[in-house]
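J.: Residue numbers (the UniProt record's numbering), protein chains in the order written: chain E, 1 to 230; chain X, 1 to 732.
Everything labelled a hint here was simulated from the structure, so no lab data went into it. Hints are not guaranteed to be accurate.
[Unchecked claim] Computed far set for chain E versus chain X, every beta-carbon distance over 10 Å:
1) G9
2) A69
3) A128
4) H193
[Said to hold, decoys possible] Reference listing, derived: stretches of chain E covered by chain X, where coverage requires no fewer than 3 residues with Cβ under 8 Å from a Cβ of chain X:
5) 16–24
6) 109–115
7) 209–220
[To be verified] Restraint ranges, calculated between C-beta atoms of paired labels, are given here:
8) X:A721 <-> E:V134: 16 to 24 Å
9) X:A620 <-> E:P209: 17 to 25 Å
10) X:R323 <-> E:E77: 33 to 41 Å
11) X:E326 <-> E:A154: 49 to 57 Å
12) X:R133 <-> E:E25: 51 to 59 Å
13) X:Q194 <-> E:P209: 41 to 49 Å
Ideal Cβ positions, reconstructed from N, Cα and C, are used throughout, including at glycine.
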Amino acid sequence: MTVAIIRFGGSNCDRDAERALEHLEIDAEIVWHEDGLPAETSGIMLPGGFSYGDYLRAGAMAARSPIMAEVREAAAEGTPVLGVCNGAQIGCESGLTEGAFTTNESARFQCEHVSLRVERDDTPWTAAYDEGDVIDVPIAHGEGRYEIDDERLAELEDDDRVLFRYCNEDGETDPEANPNGSKHNVAGVLGEHETVAVLMPHPERATLPDVGPTDGQGVLRGFEAADGGA
Amino acid sequence: MSLADSDRELVVDELGREPTQAEAALFENLWSEHCAYRSSRPLLSAFDSEGEQVVIGPGDDAAVVALPGSEDGGAEEGSTYITMGIESHNHPSYVDPFDGAATGVGGIVRDTLSMGAYPIALADSLYFGGFDREHSKYLFEGVVEGISHYGNCIGVPTVAGSVDFHPDYEGNPLVNVACVGLTNEERLVTAEAQEPGNKLVLVGNGTGRDGLGGASFASEDLAEDAETEDRPAVQVGDPYAEKLLIEANEQLIDEGLIESARDLGAAGLGGASSELVAKGGLGAHIELERVHQREPNMNALEILLAESQERMCYEVEPENVDRVREIAERFDLGCSVIGDVTAENYTCTFEGETVVDVDAYFLGEGAPMNDLPSEEPAEPETDLPEVDLESAVEAVVSSPNTASKRWVYRQYDHEVGVRTSVGPGDDAAIIAIREAEQGLAISSGAAPNWTTAAPYEGARAVALENATNIAAKGATPLAAVDCLNGGNPEKPDVYGGFEGIVDGLADMCSSLSAPVVGGNVSLYNDSVAGPIPPTPTLAMVGTKAGYDAPPLSVTPDEGSALVLVGDLALGSEDGAPDGEARLGGSEYLAQFDGSDAFPALPDDPAAVVETLAAVADDEATLAVHDVSHGGLAVALAEMVTDEAGLEVSIPTAASAADPVAAALFHEQPGRALIQTTDPDAVRAAFDGVAPVLELGAATADGRLELAVGDREIELTAADIAAHRETIERELE
Numbered sequence: 001m002t003v004a005i006i007r008f009g010g011s012n013c014d015r016d017a018e019r020a021l022e023h024l025e026i027d028a029e030i031v032w033h034e035d036g037l038p039a040e041t042s043g044i045m046l047p048g049g050f051s052y053g054d055y056l057r058a059g060a061m062a063a064r065s066p067i068m069a070e071v072r073e074a075a076a077e078g079t080p081v082l083g084v085c086n087g088a089q090i091g092c093e094s095g096l097t098e099g100a101f102t103t104n105e106s107a108r109f110q111c112e113h114v115s116l117r118v119e120r121d122d123t124p125w126t127a128a129y130d131e132g133d134v135i136d137v138p139i140a141h142g143e144g145r146y147e148i149d150d151e152r153l154a155e156l157e158d159d160d161r162v163l164f165r166y167c168n169e170d171g172e173t174d175p176e177a178n179p180n181g182s183k184h185n186v187a188g189v190l191g192e193h194e195t196v197a198v199l200m201p202h203p204e205r206a207t208l209p210d211v212g213p214t215d216g217q218g219v220l221r222g223f224e225a226a227d228g229g230a
Numbered sequence: 001m002s003l004a005d006s007d008r009e010l011v012v013d014e015l016g017r018e019p020t021q022a023e024a025a026l027f028e029n030l031w032s033e034h035c036a037y038r039s040s041r042p043l044l045s046a047f048d049s050e051g052e053q054v055v056i057g058p059g060d061d062a063a064v065v066a067l068p069g070s071e072d073g074g075a076e077e078g079s080t081y082i083t084m085g086i087e088s089h090n091h092p093s094y095v096d097p098f099d100g101a102a103t104g105v106g107g108i109v110r111d112t113l114s115m116g117a118y119p120i121a122l123a124d125s126l127y128f129g130g131f132d133r134e135h136s137k138y139l140f141e142g143v144v145e146g147i148s149h150y151g152n153c154i155g156v157p158t159v160a161g162s163v164d165f166h167p168d169y170e171g172n173p174l175v176n177v178a179c180v181g182l183t184n185e186e187r188l189v190t191a192e193a194q195e196p197g198n199k200l201v202l203v204g205n206g207t208g209r210d211g212l213g214g215a216s217f218a219s220e221d222l223a224e225d226a227e228t229e230d231r232p233a234v235q236v237g238d239p240y241a242e243k244l245l246i247e248a249n250e251q252l253i254d255e256g257l258i259e260s261a262r263d264l265g266a267a268g269l270g271g272a273s274s275e276l277v278a279k280g281g282l283g284a285h286i287e288l289e290r291v292h293q294r295e296p297n298m299n300a301l302e303i304l305l306a307e308s309q310e311r312m313c314y315e316v317e318p319e320n321v322d323r324v325r326e327i328a329e330r331f332d333l334g335c336s337v338i339g340d341v342t343a344e345n346y347t348c349t350f351e352g353e354t355v356v357d358v359d360a361y362f363l364g365e366g367a368p369m370n371d372l373p374s375e376e377p378a379e380p381e382t383d384l385p386e387v388d389l390e391s392a393v394e395a396v397v398s399s400p401n402t403a404s405k406r407w408v409y410r411q412y413d414h415e416v417g418v419r420t421s422v423g424p425g426d427d428a429a430i431i432a433i434r435e436a437e438q439g440l441a442i443s444s445g446a447a448p449n450w451t452t453a454a455p456y457e458g459a460r461a462v463a464l465e466n467a468t469n470i471a472a473k474g475a476t477p478l479a480a481v482d483c484l485n486g487g488n489p490e491k492p493d494v495y496g497g498f499e500g501i502v503d504g505l506a507d508m509c510s511s512l513s514a515p516v517v518g519g520n521v522s523l524y525n526d527s528v529a530g531p532i533p534p535t536p537t538l539a540m541v542g543t544k545a546g547y548d549a550p551p552l553s554v555t556p557d558e559g560s561a562l563v564l565v566g567d568l569a570l571g572s573e574d575g576a577p578d579g580e581a582r583l584g585g586s587e588y589l590a591q592f593d594g595s596d597a598f599p600a601l602p603d604d605p606a607a608v609v610e611t612l613a614a615v616a617d618d619e620a621t622l623a624v625h626d627v628s629h630g631g632l633a634v635a636l637a638e639m640v641t642d643e644a645g646l647e648v649s650i651p652t653a654a655s656a657a658d659p660v661a662a663a664l665f666h667e668q669p670g671r672a673l674i675q676t677t678d679p680d681a682v683r684a685a686f687d688g689v690a691p692v693l694e695l696g697a698a699t700a701d702g703r704l705e706l707a708v709g710d711r712e713i714e715l716t717a718a719d720i721a722a723h724r725e726t727i728e729r730e731l732e
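Working from the sequences, and respecting the hints, build out all of it.
T.: Below, the structure written as structure tokens:
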């Protein structure tokens, strides 16, 4: 299998994702957005960054680029797709996942470690964890506040498609543990299929043991799990 | 500002005719203080910039230093290089803090690209007027936001830096930005033109009318109306274009298409292209109308001098030009072949008319140096305040200078690149250089209170303080770059202070065997509010095997001891102190108004640094924290967490006029607090190097219990956190 890491002009976590996947012995390659998806693509990662400079709305331009049509098609056919940070914004902007990530409550960029509660453990992205596990993964975003109308959020929660919520060290999702004002502390959600997921925190920054915690490895292993399960 | 009469005479003599308008403007900018270092170059020979690790020293876009290899032989000795550069963007940041600071980041990153390197870390040292002033807070917020916007977007982590507030920056803040890049022997490119007949290719943003005359603007005092009058001299940054430029540059280097490179900074295309060929002892012929432009009807002068951002000038062999153009197009960057490298004069034509025809070397190097009178600064008298101890501790721990800078670095992406092993908020950052299996420690800063009290000794202390920060993480100094900021050098007392910081920094770096491989000088930081404190920002890097380091915070190990090393005023358990406790330059005196001499520094600072680095990596060492700003009081407070505390007893500094205050608040650098399970081993390691004093022990209750002589103070972790939240509380 080969995971295609889509590089837009302003992607800046593409190399990090490649290094992290390589560490996990998951085959990955950076793909320039204008070159289209390679034939052998068996997984797609939308990495963090500022895709088109994001002078409009984060992810809005990238979502309308030709390669995203290919990504949507592949996702519909069951290819695993993971959007991280700017990739999550692109995921929502392009309709792969519901809701939107918008300006943090603080109106400032925030780079810090947060705790996430695993909301379900029967998806490829969370198979390495148990439901209720609390993991330490960093965030680095200015527009990460999850917004969605109440009705659709209720549906999303009824369908059990919230994957991670911001929590404190004890796993409680109280307002103080919410770094950016996300509705119901949502940090990551599933798309229509559980093979599609987006999250604002950076699992690739919590993967390499030589520089810090490795709680994010399980999320990236989702590419293996999805592949093995297919 | 226009070309000074005496300079014009020199130019007329050289050319044998009056300069054209474009030539006069070129000379005005390239012979400005900002570009030609006319008042500082005579002093800069004090710096020792050589060493076996130095591949390229001062004078190129950035310095290049070889990293040691790993002991296991996994990485070949000396084959991985880092680049180091530092730049000031002081005046633009006063006029327009967001764009001024953002473009400062952009400029130093492009200096890194010029060397064929990929930028891997940024460090920012920022200086503002009093934190209680609304205008200072406005500038502070804007500058931090500008750095955050630009640095985060281009994906280069900001891992270290410093923030200081001092009333004398009120009319002239400082923004000093350092960048570290990664390259190797094969990829290295310089700014030295190689071969007549090669093409000059401009890649990047279109040229507009922004930033006209920036270099000469940076070489004047800031006028009272600078915020409105000088706005056109400030450039506006486009980090998306910079990111594209970083990646395009990487591919150009990968494919070996670049013979030499220079980024477009001060004095725009004219500066970059003439410096490039001058360095190679060559000339150029440039057709200005070929430059891709984003505004209509620009004239020759505007095209030549605009400081539009995100542009690089490359020397390319003729057969590679098409490939360079393809790569630029792939990254949506403009690309124009603007002329040739020649063996003759530096000439520019515009629509057939010759507008510049000068010797490139004369243009770059012909500016006469200034020999300015200086006055030696006076030694401060001793005049100490009387302050209640508890209020003193609270005031010093909660001062914005010593308080937590989390509000700042939380806005910087400090983890992108997945190399950050130790991030901001610690004594030094550590970046994993896996290519050489080396941890690269980075510390950057100056200390305005120190260099105000004593320019020479204070600057020596700044260098030692940065080295101690690095050693606290177990690394030893490799090299440094400096950013020397001063006021108007035509004032003898200001120039005297500037001379002091240059010599002090040079002397201590030399003692530490840390070659100063590059730097930047920024003078005329003077406003109606007066000159800034002489400010020698030093960005120092060190190396160590591996990427781990002891934490700054104490761990709740009740069997361990807390040991103070290197305090000359308090001495050892078994001997009288080596020095007097002096409060000069301390935050304590800044808070409560007073003056005193600056503390004496260790006789053999290199031995202190080396020993500390070795002890930091010892198995018995649980935590290490450098003692500096705010003295022991602040360092102890910073080590306490909710889970772990300290119970310590500090001897009074018997020789001092105020023995209790001196013990707690003096700021002699070259000291560290070490939590260890084996205090005897620490004593043995420092025997004959520096005094060692066991102060007490760690506890498991999150309290600082502090006795000084017969006085006692107790603070909980929550109290300390509340004191240290000064900046966050004010700005959230």
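J.: Take a quick look at E:G9 and tell me if its Cβ sits farther than 10 Å from every Cβ on chain X, holds or violated.
T.: 5 Å, violated
J.: Does the beta carbon distance between X:A721 and E:V134 stay inside 16 to 24 Å, or does it fall outside?
T.: 23 Å Cβ-Cβ, so the 16 to 24 Å window holds.
J.: Against the range 49 to 57 Å, how does the distance between the Cβ atoms of X:E326 and E:A154 compare: consistent or not?
T.: 52 Å, holds
J.: I want to verify a distance hint. Is the separation of the beta carbons of X:R323 and E:E77 within 33 to 41 Å?
T.: 37 Å, holds
J.: Tell me whether the statement that chain X covers the stretch 16–24 of chain E is true, taking a Cβ distance below 8 Å and needing three residues at minimum.
T.: holds (count 3)
J.: Evaluate the given range 17 to 25 Å for the C-beta pair formed by X:A620 and E:P209.
T.: 24 Å, holds
J.: Looking only at beta-carbon atoms, does the pair X:R133, E:E25 fall within the given range of 51 to 59 Å?
T.: 56 Å, holds
J.: Examine the stretch 209–220 of chain E for residues whose CB is less than 8 Å from any CB of chain X, and state whether their number is three or more.
T.: With 3 residues close enough to chain X, the hint holds.
J.: Beyond 10 Å from every Cβ of chain X: is that where the Cβ of E:A69 lies?
T.: E:A69 is indeed farther than 10 Å from all Cβ atoms of chain X, at 20 Å.
J.: Checking a non-interface call: every C-beta of chain X should be farther than 10 Å from the C-beta of E:A128. Is that right?
T.: 19 Å, holds
J.: Starting from the range 41 to 49 Å, see whether the pair X:Q194 and E:P209 falls in it by beta-carbon distance.
T.: 44 Å, holds
J.: Checking the smallest CB distance to chain X, is E:H193 really beyond 10 Å?
T.: 29 Å, holds
When the structure is compared with the earlier hints, a violation turns up for hint 1 alone.
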